[in-house]
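Asks: Here is what each chain is made of, one letter per residue.
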Amino acid sequence: MSHSSDTHGHDGHGHDHMPFQAHHFDDPEQQFDSGKLGMWLFLVTEVLFFSGMFCAYALYRSRNPEVWQFSSQYLNATLGAFNTGVLLFSSLSMAWGVRCAQLRQRTGLVVSLAVTLGCASIFLGVKAVEYTHKWDIGLLPAGTYESQFAPLPEHGSGLSPWLINLSIVPALFVVGFAIWYVVTMVKGQKRESEVSGPMLVTALCYFVGVGVGLAFQNAEAKDHGSEHSVAAVSTDAEHMDDHGAHDSESLDKHDEASHEGDDRHAGDPTLALVSTSVRHDVVVPGAPTLAEIDQRGGAGLFFSIYYCMTGVHAIHILGGMVVLTWLLVRATKDHFNEQYFGPVDYVGLYWHLVDLIWIYLFPLLYLI
Amino acid sequence: MELNAIDMSDHATHAVNEHHGFAHPAPVWQLLAVFFALIVLTFLTVLQSTFELGNLELGLSLFIATIKAALVIMFFMHMLHDKPLNAIVFLSSFIFVALFLGFTLMDAGAYRDSIELKEVDSPRAVRATETEHSAEAEATAGDAAAEEVH
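As given, the protein sequences belong to chains C and S, one line each in that order.
If you're matching positions, the first sequence starts at 1 in my numbering and goes up one per residue.
If you're matching positions, the second sequence starts at 1 in my numbering and goes up one per residue.
Since the hints were made in silico from the structure, they are not lab data.
Just so we're clear, the structure is a prediction, and the values are computed from it rather than from any experiment.
By construction, the Cβ of each residue, glycine as well, lies at the ideal position given by its N, Cα and C atoms.
A hint or two may mislead.
Unchecked claim - Computed spacing ranges between beta-carbons, pair by pair:
(1) VAL28(S) with VAL208(C): 20 to 30 angstroms
(2) LEU32(S) with THR325(C): 19 to 29 angstroms
(3) VAL182(C) with ALA70(S): 38 to 48 angstroms
(4) PHE100(S) with PRO65(C): 40 to 50 angstroms
Given the sequences, and given the hints that come with them, work out the whole structure.
Replies: Printed below as a string of structure tokens:
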């Protein structure tokens with residue numbers, strides 16, 4: 001390279017000006033473009049990786065559409081929609097963070113990254129409520145799936161033990177980050193407190209998510225509880241109809257009602273037995289009965305696919321949170337500017353892809 | 001000194017032209033507009049799921065999801081201002097996804113038997129009958145024990 005075109009000086013790499021420029025790149029732009037191409041290639045592998053699961057989904061759904069119709073009733077669309085909003089907002093804050101990095105707005109970048117981390121945490125909290133509720137009532141992968149027609153096993157009212165166990169790790173994070181935050185504040189370490197503060201908020205946001213999830217779930221359980229008696233009566237009337245399909249639909253809702261409100265009905269075996277006897281009478285001409293779907297491994301298959309897709313997605317969220325934390329630390333050290341914002345941009349691309357996958361998962365799993 | 005001066009002037013021109021090197025910061029209004037469009041589309045897809053549209057439902061929800069995905073890719077992921085090579089690389093992945101899904105589904109008839117659902121007993125149903133039996137057994141055992149005491 002000729003010296004006339006090199007404004008960075010005689011050391012050839014401009015360490016004063018560009019501390020993060022690798023030696024094998026001519027200029028910051030070349031470094032950025034190379035990294036970006038690499039990131040897009042990684043995203044291609046991610047798309048292909050997820051496509052395997054979408055393929056399983058498409059194959060089994062096209063073979064057993066009625067299984068999907070039946071099983072997706074047990075997914076809480078309200079919580080799914082709420083989580084979609086949370087992820088979209090985190091995408092907004094991430095995109096805003098990239099803008100801040102490009103404009104060298106240090107505070108803006110720190111706040112954007114903190115908001116993104118907090119949203120990720122809320123998402124996981126809501127997901128924890130969804131998962132643990134399903135584990136409680138036996139909506140498990142094939143092989144362990146428990147019939148929704150048999151009486152529910154008795155379990156204590158109040159918080160699910162699964163949820164409590166799952167929340168131990170976030171609780172430890174809250175304690176740890178709280179101690180760290182207090183230490184940084186007492187010692188007057190301003191930069192460290194800019195990391196410990198957002199991390200504490202992030203850990204707390206998990207519990208915000210759990211709270212929101214439980215609130216939505218309980219509100220819905222109450223609604224269904226009041227409709228319950230009405231639904232039970234109306235199913236008897238509809239039994240006289242020839243409209244098998246309609247019959248099965250109202251029964252689906254009826255069944256869902258009995259499970260959503262299972263906290264109160266768990267101790268009342270007669271209710272479960274009533275719904276069992278009603279359900280086995282259902283005959284839908286030309287289609288498998290709901291009991292058959294439930295028993296023949298179909299619903300378990302749906303939940304295998306559900307847990308696989310949403311679980312791998314949740315692992316991607318966790319991975320994203322790790323790299324976002326790394327960015328947060330670097331942002332407080334003022335590493336990013338208009339010449340060097342690649343890492344923020346690349347993590348942003350990854351984060352948007354995770355959002356993108358959820359955009360497809362939400363209607364395909366929750367809204368059938 | 002001379003080099004510093006060059007650097008300084010470089011920065012000065014950047015500031016004057018409001019030019020950020022190779023960075024293209026997205027305007028705030030654009031980010032907000034895209035976000036609200038995504039939220040509206042989410043409401044729309046939830047709304048359409050409440051109607052009984054039969055086979056149309058799947059297509060419509062996928063159509064809305066694809067519009068959302070396009071918005072995210074174009075604006076949040078800056079593909080509109082990205083190098084064409086990056087766009088070609090990323091979008092080509094969808095060609096391969098289409099091939100993958102298309103051929104697998106076309107072939108589904110060939111391995112139909114292996115993906116047929118099999119009869120399984122739900123653990124809970126089995127457990128329910130087991131507890132019934134054991135309860136009966138306990139009851140008779142209890143009666144026998146009571147008789148022995150007497």
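Asks: Verify the CB-CB distance for VAL182(C) and ALA70(S) against the hinted window 38 to 48 angstroms.
Replies: Distance hint for VAL182(C), ALA70(S) holds at roughly 46 angstroms.
Asks: Okay, VAL28(S) versus VAL208(C) on CB: inside 20 to 30 angstroms?
Replies: Since the Cβ atoms of VAL28(S) and VAL208(C) sit about 26 angstroms apart, the hinted range of 20 to 30 angstroms holds.
Asks: Does the Cβ-Cβ separation between LEU32(S) and THR325(C) fall within 19 to 29 angstroms?
Replies: Taking Cβ atoms as reference, LEU32(S) and THR325(C) lie about 26 angstroms apart, which means the hint holds.
Asks: Given the hint of 40 to 50 angstroms, is the C-beta distance from PHE100(S) to PRO65(C) inside that range or not?
Replies: Given range 40 to 50 angstroms: violated, Cβ gap about 21 angstroms.
The structure fails to meet hint 4 from the earlier list, while all remaining hints are met.
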